[in-house]
Every structure is written in C-alpha cells, then in structure tokens.
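Peer 1: Chains as they are written, first to last, in my numbering: chain A, 1 to 175; chain B, 1001 to 1369; chain C, 2001 to 2171; chain D, 3001 to 3422.
Hints were generated in silico from the structure; no laboratory data involved.
Treat the hints with caution; some may be incorrect.
Selected chain C positions facing chain D (Cβ under 7 angstroms, derived; list incomplete) [unchecked claim]:
no.	residue
1	Ala-2053
2	Phe-2055
3	Ala-2075
4	Met-2077
Using N, Cα and C, we set each Cβ at its ideal position, and we do this for glycine too.
Spelled out from the first residue to the last, the chains are:
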Amino acid sequence: MATRHISGEQMAAWAESLVPGSVARTDTFACYLKQDQLRETMAALRVSPESDLVYLVNLCGVDYWDHLEVVYHLHSLVKNHIGTFKVEVPDREKPSVQSVTSVWYGAWMQECEAYDMFGIQFEGHPNLKRILLWEGFPGWPLRKDFLSMPGGLQPGLNEFAGVSRRPEPPVRVVE
Amino acid sequence: MSPVTSEPFVINIGPQHPSTHGVFRIKATVDGERIVDAESVMGYLHRSIEKLAEERTYTQNIPFTDRTDYLSSMANNLGYCLAVEQLAGIGVPARAQAIRVIMSELQRLASHCMAVGAFANDTGAWQTPMMWAFRDREKIMDIFEMCSGARLTCNYMRIGGVAFDPPAGTFEEAVREVIRIFPPLIDDRADVLVENEIFVARTRGIGVLTAEMAINSSLTGPMLRGSGVAWDIRKADPYCGYEQYDFEIPIGYQGDCFDRFIVRLEEMRQSVKIIEQALDGLPGGPYKTEVPLSLRPPAGEAYARVEGARGELGYYVISDEGPAPYRFHIRPPSFINLTALKEMTVGGTVADAIVVLGSVDIIVGEVDR
Amino acid sequence: MDGVGVTITFWILAVVTLGAALGVMAARNLLHAVLFLILTFIGVAGFFVLLSAEFLAMAQIIIYVGAIAVLVLFAIMLTPHAGRSNGETKMVLPAGLLALCLAAIFVFVLTDTDWSTVSTAPGVGVTGLGEALLSTWVLPFEMASVLLTAALVGAIMLARNPEDEIPEARS
Amino acid sequence: MPFLITDHWYDLRDLANLCNQVLSWLGDFLPHGLVYIIAPVIGFLFAFMLFTLPTQLYLGVLGERRLIGRVQSRLGPNRTGKFGVLQPIADALKLLTKEAFTPTKADRVVMYVAPILFVAPAVMLFAVIPFSHGMIIANVSASLLYFVAVSSLPVLATFMAGWSHNNKYSLFGAIRIVAMTISFEVPLVLALLGLALMMGTINLQDMVEFQRHFHIWMVVVEPLAFGIYFICVSAELNRTPTDIAEAESEIVAGYLTEYSGMKWGLFYGMDIAYAIAASCFAATVFFGGWSFFGLDHWVPPWIIFIAKVYAFYSLFIWTRATLPRLRSDQLMEFAWKYLLPLALFNIFIVATERMLWSKADFGRGWIYVFAVINIALFVAAIPIWARFIGYRPERTPTRARLVREAGGYVPLAPNAAQGDQR
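The shape of chain A in the complex, shown without the other chains:
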C-alpha cells in the first residue's frame, strides 16, 4: 500500500469543486493553480475531508527561463496520498506569490529559502528574509541567468567532458 500519487486531473477536480475558477491548467503529474486565490484554495484543500492535504512535504522554486514556478508537494497522512501543485509566476522582475504560511506553518522557512534563492516575494509572510545567504547578497543564485561562474559560463552542461564518439550503450541488466 505505497503512497498513491494523485493525478493532476483528480486534484484539479478537487480544487475546482472547492474554489471555482482557481485552476489555471493541469497535466498528468501536477495541477497548476492561479495566483490570485492561491491561499484560499490551499486552505480549502487542507480542510476538506476528501483531499485532507494536511501535511506540506516540500515547497521549492524552479526557474524555466521564461517564467518562475513554485512547486508544492502536499500529503495526507491518514489517506496516504501525495499531490503536486504548481503556481506559475510569469513576471521575472518582481515575482510575487501569496504565502501559504498561514495555512501550513511549516512553509515559512521553505518560502524564505525560495525567496533567498529565486527572489520570489511571498505576500503575507510573517518575516520574509534571506535565510541562507546574508542580506546584502547581489542577485538570486538559483536563477538560470545568475551567471555566478567567472566569465559568465552558460549554466547547464551542454556536452559531456570527453565527447563520446562511440554510440551510447543500451540500458541492460548485468548477468
């Protein structure tokens, strides 16, 4: 009886039923929520007996070049199922998302870290501050365009060190 991964559609159905018009779009793995009613939908999801997502497992930011994204992994201990919600933040200069600290108290440190690494402002956060880096740190390190390397190397590894000439061996089980 492993943890059941709820499909995006199922989560979207829950979210729609609880707060109409809160789901932006959905795909098989995750459900994308709109920004404006975020805290409201999350609170409803936490309280509703059917979804019962009382436990915030993980909250982190991701940078997709054209937009930022905040990923929430929510878990129900009694029903033992886990769901992934995402919020897309198109504006890169002043990204801001509603804070869920009032819904799950465990979010305040992870939101501070997301702010520290990606610069995402969380409105309604009790004390949003840089938690890992010092206050005067220039820029947001985990953003893709944060060229911290000397000479501004393009982040991400385009080719392997020794470009392998031989064809890639297929994946097989060693006898």
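Dock chains B, C and D against the given chain A, drawing on the hints supplied.
Peer 2: Structure of chains B, C and D alone, referenced to chain A:
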C-alpha cells in the same frame, strides 16, 4: 513602588558554540535566564549544492549528496538514486535492493548512536555517553569502509544499484557481529540515561510539541514520531523492498525531548531487526544495473524520498533530457525540523534551548546545503 | 598575643583597612567600591584575630564577607539603573558636615578615655560565648532573631511581583 | 602519647615529633618570635608543598583524566612520560607559554586580582586540617567555623572574574555562581551544625579524638549530614552534576570564558585544590581523620589520612564522569525545598539524641544505638520528603510505544503511562 524591572538583552548562542552541532546560531533575547524570543540564523555552511548539481551529470552528483548530511551518507545517496531511477525508469536487481536496505539501516544505527551521544552531552553528561557512541559507531564505520572504501562520505550507491559487491565472507561476518553486539549496547545506553533522574529532570516536559503543531510545521522523523504521530516513509511509502520486512514504528507520548530520545533508542532496536531479516534473505545475482555515464533521462520530474535518520529526505529532480539535471532540489529534514524551534525554546531557559536543539538533532551540512 | 610580630601586623592591617575604607569612597566604579568594602570587612576580621577573638573573626568573615557582601554584589548585578559610576551625588555638602561631626566625636573619645591595657586575654572561648548567649543574654538574642525574620518577610513582600508567581500558588 | 611506642624524632609515624625536635633545637639560640614564624613555614612546607601540590597535580589533573578516560572506554593521557606521568607538567608549561590576552572593554584591574583572590583561600584552607596527632599547622579553636568562613571567599573571586570580562556568557556564570553558593551554603552550614552538636566541639582535632574515643565514624552516626554535605560541597565546587557556573554545553565556559594562559590555569588548578580541601575536611569530620580503629598504632596516621582523602576525591571523579547537569533553577529549588528542610530535620534529631545522651552521661554504647536510628531515619526521610514535595519518578515511561501501521496521530490509550507534566 514599581516592581523590579529588568530589560532583556540579546545573547548569541552563536555559530562558535560547543553544543550547536556545527555552525548554527540562535539569537536569543533573554530576560534573566528565560528566553523571550529566539531567532535561528543559519547559512554559514551554505555551499549551494543545488546550483552546482545543475552543472554535473547525474552520476557526478552522487558525491554531493554525501556531503549534505555527512552523518548518514548512505541514506542521501539512496534518496537521489531512487529519484533518478524513477525518472529514467531503471530497474534495480533484488540483491542491490537488499544491500541498500542493509546499508541504510546500518547508517541509521550509526547516526542515531551519534544523536544519542550528542544529546546526552548537551544535558551535561561530561562526554561519557558521547565517547561510548563513538566507540560503538566504529564497528559500523568499518563495515562501510570494507564495502565502499570510505568511513563517512561513502558514495556507495549508484543509479541502478550499488557501486561494489560487498566482500563475500567478511561482510556477512561483520554485519552478524553488529547484530550480535548492538542490542545490549542500546539497552545499556537506555539503562544509563533513561532511568537517570537528573537526565529525566532535564528533558521531561522540555520543548513540548503537540501532534497537531508537529504536522502543521511539516516536521518529520523522530520529531514527528515523538509527538505521537505514526508516520514512517518505510511503512507509508515502502522503497527498496521494505514491505517484506517486519518491524514496528516507535512513537512517543507527549512530544518532549525525552520522548524523542526514547523514540530514537527504539528505532535503533528496530533497525537491528531489519538488518537481520535483510541479511538472512540476501539474494544472489547482479548487484547493479549497468547504466551509461552519459545517462540522459527523458524529460519530466520525479520526487523520491527516503526515511533518513532525521526524517523524510526527499529529492525533487527535474530533467530536460540534458546530461545534467535541470533542477536538483533536496528536501532537508534537519532544515525543516527547525521550523518549530522558536515555539519550543521560547519560555524555557538557555539551558533548555541547548537541550531542545540537541533533541532536534540537526546536521548543519544539511541545514545549509 | 604580644611581641614585635603582633605590632607589625597591627600596623599593616591598620593601613590596609583604612586605605580600603578610603577606596570605598574614592573608587569611581561602583563595583570597585564594593570590593574595597569587602577588603575593609576582612581587615576588621584581622583585628579580631589580633585581639585573639577567633570566633568573632570567623563570624565576621562568614556573615559580612560571605553573605552581606555577596548580596550587595547580587543587588548591583540585577538592578539595571544602578549606574556604574559611583561619583555624582548632589549631597556632597551635608555629607561633609556629617563627616566633620563624626570626626569630632571620635577625636573626643580618643583623647578622653584612659587606655588601661587589659593584662591577660579575656579567655572566653566559644563554649563560654554560647552559654552566655543562651543564659544571661537570651532575651536580646531572641529579639534579634525575631527582628531579622520580620525584615526577611518584609524584603520578600517588597521584591515580589504577582504575575510571575506560579498560578496555583496564587489561588 | 600512650599509643606511640616512642616519642623520639626517628618515629616517623607522627612527623610532629620531628618538627618538635627541630623547633626546640632552634629555640635554644633563636629569639622566640622567629621560631614562632618558622613553625608555620615548616607546616606549610609539609602540608601544602609535599601533600597538596603533588596530590592536586597527580590526583586532580592526571588521575582524574585517566579515571574518566577509563570510564569512557578510552586510555586518557599517556603520551607524556610512562603513563602520562609528565602530563601535569606539560599542562603547566603549555599554560605558562600561552598568551594571556584581556579583552579591551574588560575591567583590567579586577580581572588580574580575581585569580589571586581565588588562590589565597585555597592555601589557607589547609591550615586547620589535622594530618596526624600533632601535625596541624594552626590549631584554631573554632576550626570548623574557620573552614566555612574561608570556603566562602572564592565565591567573590569567581564573581569578580565573571563580572570583569564584560562578556555575556561570563556574566551568566557570575550570576549563577553567586545565586547557587548562597542557596547551597545554608544547608551546608546546618549539616555541619548537626555534626558539631553531636560531637560537642567545633575543633577538628577534638572531632578526630571523639571518633577515635568512641571507635565510630560520623558518616555512620549522621548519614543525612554526609549526604547533604556531599551535595552542597559539589555545588560549591562546581563539580558535576552541579557545574552550572561553567557549563560547557550552555554558557561556553562561564566565568572562565575570557581567561587564557596561566590565569585560567590558576582557576583550573585551584578548583582541584578546593576539591581536595573539601575531601580533607570530609575525611576529618566524617571518616575519622587519621584514625582507623587502632591501625594508627602501626601505620603512620598521615598515610591513613591521605588514603581517605583520595577515596573521597574519587567520589567527585565518579560523579563528574557519569552524571548529567541540572538546570540552575532546578538546583536552587532543590537546595531550598529539599536540602534545607532535611538539614533542619537532621539537627532536630541530633539535638534530641544529644539530650538523651547527656542524661545517660555519655555512655559508650549509646552512640551505636543513635547510629542505627539515624541510618533508618536517613533511609526513610529521603523518599518520603521527595514524595511530599511532588517528585514522582515512576510516572516516566522508559520505552516508546510501538505501532505496526503508518497513519495519522495515534492518541494515547487512557490507561497508558501518561508521564505527567512534572
């Protein structure tokens, strides 16, 4: 006549302090001995592993996971390898699954040994339990050195299995030795500390966390189980074949430092039971699925998690079919367990704050990543 | 207790005690003043030893240095506005006058009495002291203890502020 | 001396013979004053230089570290010399060569004076300890009181040290040590009062004579006083389980935080000297000083005395190696609510016994009866009084609950060992 007023002053239980388990700082506003406000300041050991991992291939990232929680490197490696295997859809042979279980349980034993010793040291027992913990841990470190070549940051797991096959005769014999001597050692530790009135007086009723507060601040591991919430990833979301083994989850009574301590002791006893069952049924066959170094998993994301010694250790890996992970996020149990530190320490004295920090059992490498 | 050694120690002790007493007034830092006060107490205890009243010397050290001075230090530590500088008091003039009167009294007493030296040490050992306290002087002894208890209870009442009492104690 | 075969100087069972011979020979041609000064110098030479300094170095520094090492299943210092024999000297040299800096804002004068004030009483304490029948430097008539008076001086030195560093941790240490000493000195003096009451004297030499005369040790006659004495002295000396003034894990090194080099060395060394002085005092008062039921006719009494001191000191080492540390407010509560009433109870019992005894004009057998009664009362008083002020140890569970399935919160079964919120 106005009552005697004393103004609070800020004291740094600072980065340079004998019992903050590393470079971690609590800025405590103190009124007399009582703590009025505690703000934890961290980041002194921040190496931005998540940024570095984006420039290295999937296999090159494995040594990074050793260095976050340097007291349980096996569990870290296992978490990351599970995430990548889930991403790339790679099967793991049965023998590798069993070895992974044995290794992560041995790592939990060693890490809890250290946690118990350090916690007793924080309550003031003049390093005696700490020295016993170091002595007991040596036997497990020898096994790790025998199998992976390193005592602390083993780098033993690979995507698809384990790096080397453990040496035929000596591994079995060494693990049998650990199984034979650890239960009496754990009972001895319990006799010395749990029945000791001074230890109970210092830990009972200190840093109390209700179950509701623990769940709400997303704590994991002994912190959550200490408050009476039966939640263990090995039972809830079994990986590497944990569903075959018969073991129980220890939970506490009222979520104070004492309960977390007896939960850790009980977990050590359960780990020995698991190791014994895993060792008896150790299957033969391949220990690894051959995975090319230039692995390019299909686009997508995966969140895999492991029950580390400090709690749920999750790896959220996003791949864009490139050689390196597009996003590599670690869900650090030590970092998130500190969420409720302020609620637990405010109201107590400075000495209680040290005991509470000891019971949270943080590893600053994992807190700062 | 006589002989050349005793007179030498007496003069040394006298200089030390008077110096410390002056230090109590002259020290700028309040803490230094208290430490000089402790030195004077020890000096006075030294005088008792010279007068071969050992029990009194021990009692002096226990009571004054061991308890009262420590409580004075405690008071200094815990009161935030005690102000570390010992200097600025606006009542220099009246204090000076009072000092002059006292000095006059001392000089008169010094010159007027005839210092008949007592030939042998009084020889009242500790047992003698104990019996005297509980037989002939038992009334003042008991009165003093009652007075001290009253002072103790008064002090506790003054320093008590109700809110940090244990709730069940208050109900 | 009826018990000694001869009083001649070569009878080393009592070194006092040697001293008396030397002093009387010097007295012939030296003025009385000079001999009067030489006697304590010889006494100091023997008592402090020959006994305390080596004991302090080898029992306190080396012995303690090796014993604690053995408790912690490791070897302890064995690099310097054969069994780490030169370790104390190595420590001293290290401390002497270390740079002793003082923080800029520190109160320089008070910081330099504090170690001196800490060392002086340690040496003065050994003046009243009777090593053997005649071997006592200053036979002060109120030597018990002398001991209590001098042992209250080091508190001031530690306070000065803590206060002058202008460092928050040492301020904590200073406040804690002052508060703790006041609250533990009261039961200590009351316990010693009980002893003085039973033995009818406050002179240490007479106490040893009393225990020799009645062939009994006061630890047997008044176990309650011994228990209170041991706890209060370990609190005064800052030994675990009451070392809250320099609690490493909480306030870095308490009042010693800013000290380095020989100033710290003085504090460290003299801490051990105070522990040895307390052990000497306990050996004299509780374990019959230099007498061992007649054995002192053959074995030199000062060797018996030193053996007892080492035995008592090993108690300190044992508690230091094993026990965790109490919180400061728990300690104060323990002193006022638990030790003080027990000390008063002890005095009440001893007073009535003494009164009965004086009616039976101090027959020899009575004291054994009192010993039995007191031991019974000691065994009964401690648990009853602990239960009376609300201490219920049996309510704390010793094993965690075990659950097979993972799920949400598992509420406590109503009859489970709830473990009250003490």
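Peer 1: All the hints need checking, so say for each whether the structure fits it.
Peer 2: Consistency of the hints with the structure:
1. Ala-2053: Violated - the Cβ of C:Ala-2053 stays beyond 7 angstroms from chain D, reaching only about 10 angstroms at its closest.
2. Phe-2055: holds, 5 angstroms
3. Ala-2075: violated, 11 angstroms
4. Met-2077: With a closest approach of 6 angstroms, the C:Met-2077 hint holds.
Of the hints listed earlier, those the structure fails to meet are numbers 1 and 3, in rising order.
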